[in-house]
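Residue numbers (the numbering used here), protein chains in the order written: chain A, 1270 to 1540; chain B, 1270 to 1540.
Check the hints yourself; a few may be wrong.
All copies of an identical chain are treated as equivalent in the list; a pair is satisfied when it fits inside any one copy or across any two copies.
[To be verified] In the DSS-like style, the derived pairs of lysine-lysine whose C-alpha atoms are separated by at most 30 Å in a straight line are:
1) Lys1526 <-> Lys1375
2) Lys1346 <-> Lys1417
3) Lys1302 <-> Lys1346
4) Lys1426 <-> Lys1466
5) Lys1346 <-> Lys1283
6) Lys1302 <-> Lys1417
7) Lys1406 <-> Lys1281
8) Lys1514 <-> Lys1313
9) Lys1375 <-> Lys1313
10) Lys1538 <-> Lys1283
11) Lys1339 <-> Lys1313
12) Lys1375 <-> Lys1514
13) Lys1281 <-> Lys1302
14) Lys1519 <-> Lys1339
15) Lys1302 <-> Lys1375
16) Lys1441 <-> Lys1466
17) Lys1375 <-> Lys1519
18) Lys1417 <-> Lys1438
19) Lys1346 <-> Lys1438
20) Lys1441 <-> Lys1514
21) Lys1496 <-> Lys1281
No lab work stands behind these hints: they were computed from the structure.
Number of protein chains: 2
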Amino acid sequence: MTRNDLFQLIKKRKSYLSVGLDTDINRIPEHLKRYRDPIYQFNKRIIDATRDLCVAYKPNLAFYEAMGPKGMESFAKTVEYIGDSHFIIADAKRGDIGNTSRLYAKAFFETYNVDSVTIAPYMGVDSVSPFLEFEGKWVILLALTSNKGSRDFQFMKENGEQLFEKVLKVSKGWGSAENLMYVVGATHPEMFLTIRKHVPDHFLLVPGIGAQGGDLQAVSRNGMNDKCGLLVNSSRGIIYAGNGKDFAKKAKVATKKLQSEMEVLLEEKFS
Amino acid sequence: MTRNDLFQLIKKRKSYLSVGLDTDINRIPEHLKRYRDPIYQFNKRIIDATRDLCVAYKPNLAFYEAMGPKGMESFAKTVEYIGDSHFIIADAKRGDIGNTSRLYAKAFFETYNVDSVTIAPYMGVDSVSPFLEFEGKWVILLALTSNKGSRDFQFMKENGEQLFEKVLKVSKGWGSAENLMYVVGATHPEMFLTIRKHVPDHFLLVPGIGAQGGDLQAVSRNGMNDKCGLLVNSSRGIIYAGNGKDFAKKAKVATKKLQSEMEVLLEEKFS
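With the rest of the complex left out, here is chain A:
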């Protein structure tokens, strides 16, 4: 999917929502547990309920790996079920030396065939560049994360420049706005202006609204660019909106609420 394809999809669906599939076997409704693969059955119903209201799905690999090899089968089946109507983000936060990153890239882009993978920047260029060699695939590099621990190292300052800024400045030369996005947490809405100075054109993947307390309005007003440039993710706020037999319906209501807010924000910007 190109950057323009993604923008067209956003305009068509009136949404820049990514639904996070952080599917935890301990939190899914009881009635699904009689299936052979409850994780996949849960995801399938969430996807059916939310498909028209979002542009991306973001399965977090931790939740699948925690289930052992069969969890990776649930992941593979989920990716296949989503198909090519959505931008698929493997939220894996990988990063290793060159020859190893090449294998991770192969795992995600060939074995599982997702559109993008989240990558941690700590190990530098050779940990990231193997992912950028795949035509039509994307790297989503951690810049400023949404969690409390983001304060430990990401704001470290050298000659007035913070680590997350250095990550943006150095890494944007490794790829382009056509194959590189950045993770910027919604819990730092004031930082989107600083970030847009460094990367005006790149898409930003924004976790942290909902359960983590980020503000969609502030993020959107500070972070949107002329191709929208935002994918805002909600995971727990959607997939665990309910936990009974009507969980998918409740997920749809929660998704619709976010999509409606996004529709207004898109109209403000593009009409």
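Here the structure of chain A is known, so what remains is to put chain B in place on it, guided by the hints.
For chain B alone, kept in the frame of chain A given last:
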């Protein structure tokens, strides 16, 4: 395994070698490919050949993930085959927000039952601390990596202190020398003295000798502490020492060579 258990094992085997199981289906001998699980069959033979000469095995998850769900089965079987006679390192370089790191911790420490996991520090305290809550298990945090890209961010300097030093200083308060180790690449042998100022007692996992060009002598002389404090890893130099039917024999020769050097270095230090 406690820090003292590990030191006793090192003294008994006269070795502080970790064998990296970066098993690539494209590099293993042809004759193994007739088996249902060639990756596991390869590992089994490498383990049989090297067991008495090393104290740790380090499977790198990328190589298993690249094979899809069945790769994770090869990983699980390999871990089981190694058993509890060795310290097992899942080289996964994970790190995510708290609730997600908890799942990764569960995946590695419960589902797969390894002794330790490598973790990337970029996301800070809540990405690491869930791993430190498991009794008898270890976090191995990236400090200064062996690859070229380590120069991109890890040497960033704030008030005279480099990022990898800040990682050591801040993170050592999250755990102790009994559940926290650090990755320090053998390609920076001069930095071991600096690192030992910050973490005199912690074990260091040292990749980068062999294929990456690090120097075992320099690393050992600069990095060893009074409980040895080093696990030096070799992957490709051992497991791909040969590629014919005698590959395991050749792996054993390469391992024996490293173990013999280590035996001398241990004698120098502890006799």
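Taking the hints in turn, this is what the structure says about them:
Proximity of Lys1526 and Lys1375 under a CA criterion of 30 Å is satisfied in neither setting, with 37 Å inside one chain copy and 33 Å between copies. For the homomeric pair Lys1346 and Lys1417, neither the shortest alpha-carbon distance inside one copy (33 Å) nor that between copies (37 Å) is at most 30 Å. With identical chains, the CA atoms of Lys1302 and Lys1346 are at most 30 Å apart both within one copy (17 Å) and between copies (27 Å). For the identical chains of this complex, Lys1426 and Lys1466 are neighbours both inside a copy (17 Å) and across copies (23 Å), given an alpha-carbon limit of 30 Å.
When the C-alpha separation of Lys1346 and Lys1283 is checked against a cutoff of 30 Å, the pair qualifies only within one copy, where the shortest distance is 27 Å, while the shortest distance between copies is 47 Å. In the homo-oligomer, the alpha carbons of Lys1302 and Lys1417 never lie at most 30 Å apart, since the shortest distance is 34 Å inside one protomer and 47 Å across protomers. Taking the shortest alpha-carbon separations for Lys1406 and Lys1281, only the intra-copy value of 22 Å comes in at or below 30 Å, while the best inter-copy value is 49 Å. With identical chains, the CA atoms of Lys1514 and Lys1313 are at most 30 Å apart within one copy only, with a shortest distance of 14 Å there and 47 Å across copies.
For the homomeric pair Lys1375 and Lys1313, the shortest alpha-carbon distances inside one copy (25 Å) and between copies (25 Å) are both at most 30 Å. In this assembly of identical chains, Lys1538 and Lys1283 lie within 30 Å of each other by CA distance solely inside one copy; the values are 12 Å within and 68 Å between copies. Taking CA atoms no more than 30 Å apart as the test, Lys1339 paired with Lys1313 passes in both settings, with 16 Å inside one copy and 23 Å between copies. Proximity of Lys1375 and Lys1514 under a CA criterion of 30 Å is satisfied inter-copy only: 28 Å between copies versus 38 Å inside one chain copy.
Taking the shortest alpha-carbon separations for Lys1281 and Lys1302, neither the intra-copy value of 36 Å nor the inter-copy value of 49 Å comes in at or below 30 Å. In the homo-oligomer, the alpha carbons of Lys1519 and Lys1339 lie at most 30 Å apart inside one protomer (28 Å), although the nearest pairing across protomers, at 35 Å, exceeds that limit. For the identical chains of this complex, Lys1302 and Lys1375 are inter-copy neighbours only, at 20 Å across copies versus 32 Å inside a copy, given an alpha-carbon limit of 30 Å. In the homo-oligomer, the alpha carbons of Lys1441 and Lys1466 lie at most 30 Å apart inside one protomer (12 Å), although the nearest pairing across protomers, at 35 Å, exceeds that limit.
Taking CA atoms no more than 30 Å apart as the test, Lys1375 paired with Lys1519 passes between copies only; the shortest distance there is 29 Å, against 36 Å inside one copy. Taking the shortest Cα distances, Lys1417 and Lys1438 sit within 30 Å of each other both inside one copy (23 Å) and across copies (18 Å). For the identical chains of this complex, Lys1346 and Lys1438 are neighbours neither inside a copy (37 Å) nor across copies (43 Å), given an alpha-carbon limit of 30 Å. When the C-alpha separation of Lys1441 and Lys1514 is checked against a cutoff of 30 Å, the pair qualifies neither within a copy, at 46 Å, nor between copies, at 46 Å.
For the identical chains of this complex, Lys1496 and Lys1281 are intra-copy neighbours only, at 13 Å inside a copy versus 63 Å across copies, given an alpha-carbon limit of 30 Å.
In summary, the structure is inconsistent with hints 1, 2, 6, 13, 19 and 20 from the numbered list given earlier, while agreeing with the others.
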